[in-house]
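Peer 1: Each chain, written out:
2 protein chains.
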Amino acid sequence: MTHATGYAALSADSAMAPFSFTRRALRANDVRVDIRYCGVCHSDLHQARNDWHNSLYPCVPGHEIIGQVTEIGADVTRFEVGDMAAIGCLVDSCMECSECTRGQEQYCARRATPTYNGKDRTDGSPTFGGYSNHIVVREHFVLKLPDGLNPERAAPLLCAGITTWSPLRHWRVGPGSRVAVAGLGGLGHMGVKLAVGLGAEVTVVTTSPSKADDALALGAHKVLISSDKDAMKGAARSFDMVLDTIPVAHDVGPYLMLLAPRGVHVVVGAIDMIPSFHGGLLVGGQKSVAGSAIGGLPETQEMLDFCAANNILPDTETIAIQDINHAFERMEKSDVKYRFVIDMASLGDEN
Amino acid sequence: MTHATGYAALSADSAMAPFSFTRRALRANDVRVDIRYCGVCHSDLHQARNDWHNSLYPCVPGHEIIGQVTEIGADVTRFEVGDMAAIGCLVDSCMECSECTRGQEQYCARRATPTYNGKDRTDGSPTFGGYSNHIVVREHFVLKLPDGLNPERAAPLLCAGITTWSPLRHWRVGPGSRVAVAGLGGLGHMGVKLAVGLGAEVTVVTTSPSKADDALALGAHKVLISSDKDAMKGAARSFDMVLDTIPVAHDVGPYLMLLAPRGVHVVVGAIDMIPSFHGGLLVGGQKSVAGSAIGGLPETQEMLDFCAANNILPDTETIAIQDINHAFERMEKSDVKYRFVIDMASLGDEN
Numbered sequence: 001m002t003h004a005t006g007y008a009a010l011s012a013d014s015a016m017a018p019f020s021f022t023r024r025a026l027r028a029n030d031v032r033v034d035i036r037y038c039g040v041c042h043s044d045l046h047q048a049r050n051d052w053h054n055s056l057y058p059c060v061p062g063h064e065i066i067g068q069v070t071e072i073g074a075d076v077t078r079f080e081v082g083d084m085a086a087i088g089c090l091v092d093s094c095m096e097c098s099e100c101t102r103g104q105e106q107y108c109a110r111r112a113t114p115t116y117n118g119k120d121r122t123d124g125s126p127t128f129g130g131y132s133n134h135i136v137v138r139e140h141f142v143l144k145l146p147d148g149l150n151p152e153r154a155a156p157l158l159c160a161g162i163t164t165w166s167p168l169r170h171w172r173v174g175p176g177s178r179v180a181v182a183g184l185g186g187l188g189h190m191g192v193k194l195a196v197g198l199g200a201e202v203t204v205v206t207t208s209p210s211k212a213d214d215a216l217a218l219g220a221h222k223v224l225i226s227s228d229k230d231a232m233k234g235a236a237r238s239f240d241m242v243l244d245t246i247p248v249a250h251d252v253g254p255y256l257m258l259l260a261p262r263g264v265h266v267v268v269g270a271i272d273m274i275p276s277f278h279g280g281l282l283v284g285g286q287k288s289v290a291g292s293a294i295g296g297l298p299e300t301q302e303m304l305d306f307c308a309a310n311n312i313l314p315d316t317e318t319i320a321i322q323d324i325n326h327a328f329e330r331m332e333k334s335d336v337k338y339r340f341v342i343d344m345a346s347l348g349d350e351n
Numbered sequence: 001m002t003h004a005t006g007y008a009a010l011s012a013d014s015a016m017a018p019f020s021f022t023r024r025a026l027r028a029n030d031v032r033v034d035i036r037y038c039g040v041c042h043s044d045l046h047q048a049r050n051d052w053h054n055s056l057y058p059c060v061p062g063h064e065i066i067g068q069v070t071e072i073g074a075d076v077t078r079f080e081v082g083d084m085a086a087i088g089c090l091v092d093s094c095m096e097c098s099e100c101t102r103g104q105e106q107y108c109a110r111r112a113t114p115t116y117n118g119k120d121r122t123d124g125s126p127t128f129g130g131y132s133n134h135i136v137v138r139e140h141f142v143l144k145l146p147d148g149l150n151p152e153r154a155a156p157l158l159c160a161g162i163t164t165w166s167p168l169r170h171w172r173v174g175p176g177s178r179v180a181v182a183g184l185g186g187l188g189h190m191g192v193k194l195a196v197g198l199g200a201e202v203t204v205v206t207t208s209p210s211k212a213d214d215a216l217a218l219g220a221h222k223v224l225i226s227s228d229k230d231a232m233k234g235a236a237r238s239f240d241m242v243l244d245t246i247p248v249a250h251d252v253g254p255y256l257m258l259l260a261p262r263g264v265h266v267v268v269g270a271i272d273m274i275p276s277f278h279g280g281l282l283v284g285g286q287k288s289v290a291g292s293a294i295g296g297l298p299e300t301q302e303m304l305d306f307c308a309a310n311n312i313l314p315d316t317e318t319i320a321i322q323d324i325n326h327a328f329e330r331m332e333k334s335d336v337k338y339r340f341v342i343d344m345a346s347l348g349d350e351n
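Protein chains in written order, with the UniProt record's numbering: chain A, 1 to 351; chain B, 1 to 351.
For the record, the hints were derived by calculation from the structure and aren't laboratory data.
The model shown is predicted, which means the values in this text are computed figures rather than measured ones.
Please note: incorrect hints may appear among the correct ones.
[Unchecked claim] Chain B side only, calculated, beta carbon under 7 Å to chain A, not exhaustive:
no., residue
1, LEU56
2, MET273
3, PHE277
[Unchecked claim] Computed cross-link-like contacts, DSSO-like style, restricted to lysine-lysine with a CA-CA straight-line distance of at most 27 Å:
no., chain 1, residue 1, chain 2, residue 2
4, B, LYS233, A, LYS119
5, B, LYS119, A, LYS233
6, A, LYS119, A, LYS144
7, A, LYS211, A, LYS233
8, B, LYS211, B, LYS229
9, B, LYS211, B, LYS233
Each residue gets a CB set at the ideal place from its N, CA and C atoms; glycine is no exception.
Take the sequences, apply the hints, and build the full model.
Peer 2: In structure tokens, the structure reads:
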């Protein structure tokens, strides 16, 4: 075991505060990564505050991790000391079920192990995330950071990036596709960049006229204001996909009207109740309401490589770990464009 | 114009009764079909009674039509007098929009013209359905009845058949697919036969243990009783598709649990509100809730040809047109295995 330092919530009511703990000694298939940057995801805040009623304390959040390999287990073959690496939302899974063997570890029949708020499959110890100076992870769940991908800005790709990438790829978005991105936050801004990168025509659908310029600056081709009933009516039947990144429960009906026949509305933002809607909205065009969760390891690597090749990066604001409580407050007010990234060098000053 | 006879509802409260009316004179691209058999669909009853609050009276129902060509317009090329033909739920559409040109006329951007309760696109006259001695239909909307397909039993293929065929094909059901058919009525029994014909492993999910033997007799490989919580739990994550033919609004949650990752729940039975359900049921496996409406003309012909080649026919009970009110009553009690077909020769005795 090695001594680690980081920031944790000690209870649902406590602010994030410095925390010392231990990481396990390396197993034969483990990689130790010294963390350079960690993105700040809405899930971090939800978990720290027990919004989902399943938090384990102390809670060290963080699942958008970029760092450097400092040690490898005896059986590790894909990494060498000094390699830049990335770790996302998962650190283990059964590796035997049909989902794991097809590279969709996030849907593991025996439940994948989350990077934080989980329990180690071998010894049952709690998993602690990336708001810390290093992490020890099974090699299969460590990704390669491609050359040329800015390590500081790449971090949010590990959650916000793959969460939008996986549905875009699964439903075969490409040149000729018409994609509406609903909501323009951490997920939405990545949805825009990735869908544009894949060659789609991209429209941002937002309640806020103030976000129109931002949407176009991110690369969106059009903006649709969802409160403008005439504009919404005029856009009926014109999208192959609505990528729904809205973070709260909401009526999907108006978005189903936007879909062309065979179109799909994919929920990736709010894991919450979907209010009742009329089935005729689906039946009258072989349409679907779907959902999607992060992505498997192979597609996460594919996404990182795609972003490196196409110079796609999240828009980020770098903070020190000492600023995390303030960052949580700003994130709650959507006062960030579009993702905070913790420079973990700041932790060294404190511990 | 030619004199026609049939049965109609004259108001929402009236029983079906003999009715005389006219059919239009043939246009250049029209085919006249003398009706031999007409299936009795739940929609017929709903429309006759104004359950959908949009009925036009007098209402001559019937959109599962089998007959013989007796006259063709000057520009008709695909039919000759004497051919056996079939007509389903649509008799016209714009033929210009992207849906019509791809053969998905049921999703016509300008709304396809229904076989009854619609208005003719040329002269605005009401459309009257197949509970009658003949019909005049634009050639494009007339299907060929393949040799070897029993005309009396084939009628329900035109609605119940294509309604289940289209989603099975769209979502690529075939050998290796695991399909659950929820509900075992007119639609459900065709869903079983067609999915089995396509090579899928088919399970009937029903509330009624009494239907288990019927399901197996129809070719289903397994039966799952939806009230048996242990059985439902044991079947979790084991289907690629749930074909939902249940005719009333209901919670889809328990069925979403049955789906494997990437599975789709397709609503074809109840065009009604879908009660609120938790989005996590979709997100946790890239699953979908979809809907589907009948099918386009090319896929309807494909389905008829498939049924002829594979000896697939609905289970039917033949009635005289004079029995239609009693048949409606029995249909409301699900007292039919599985579809009534009117022998239109019975009409000749009356008019």
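Peer 1: For the pair we were handed, LYS211 of chain B and LYS229 of chain B, check the Cα-Cα distance against 27 Å.
Peer 2: holds (18 Å)
Peer 1: Take the C-alpha atoms of LYS211 of chain A and LYS233 of chain A, compute the straight-line distance between them, and say whether it is at most 27 Å.
Peer 2: Status holds; Cα separation ~20 Å.
Peer 1: Has the given pair, LYS233 of chain B with LYS119 of chain A, been kept, meaning a C-alpha gap of at most 27 Å?
Peer 2: holds (25 Å)
Peer 1: Holds or violated: are the alpha carbons of LYS119 of chain A and LYS144 of chain A at most 27 Å from each other?
Peer 2: holds (24 Å)
Peer 1: A closest beta-carbon separation below 7 Å is what the hint needs, so does LEU56 of chain B meet it against chain A?
Peer 2: violated (19 Å)
Peer 1: Taking the least C-beta to C-beta distance, is PHE277 of chain B closer than 7 Å to chain A?
Peer 2: Holds: closest Cβ of chain A sits about 6 Å from PHE277 of chain B, inside 7 Å.
Peer 1: Against the 27 Å threshold, does the CA-CA distance of LYS119 of chain B and LYS233 of chain A hold or violate the hint?
Peer 2: Satisfied, since the Cα-Cα distance of roughly 24 Å is no more than 27 Å.
Peer 1: Are the Cα positions of LYS211 of chain B and LYS233 of chain B separated by 27 Å at most?
Peer 2: holds (20 Å)
Peer 1: Hint validation: MET273 of chain B versus chain A, beta carbon distance must be below 7 Å. Holds or violated?
Peer 2: OK, holds: MET273 of chain B within 7 Å of chain A, min 5 Å.
Going through the hint list in order, the structure does not satisfy hint 1, though it satisfies all others.
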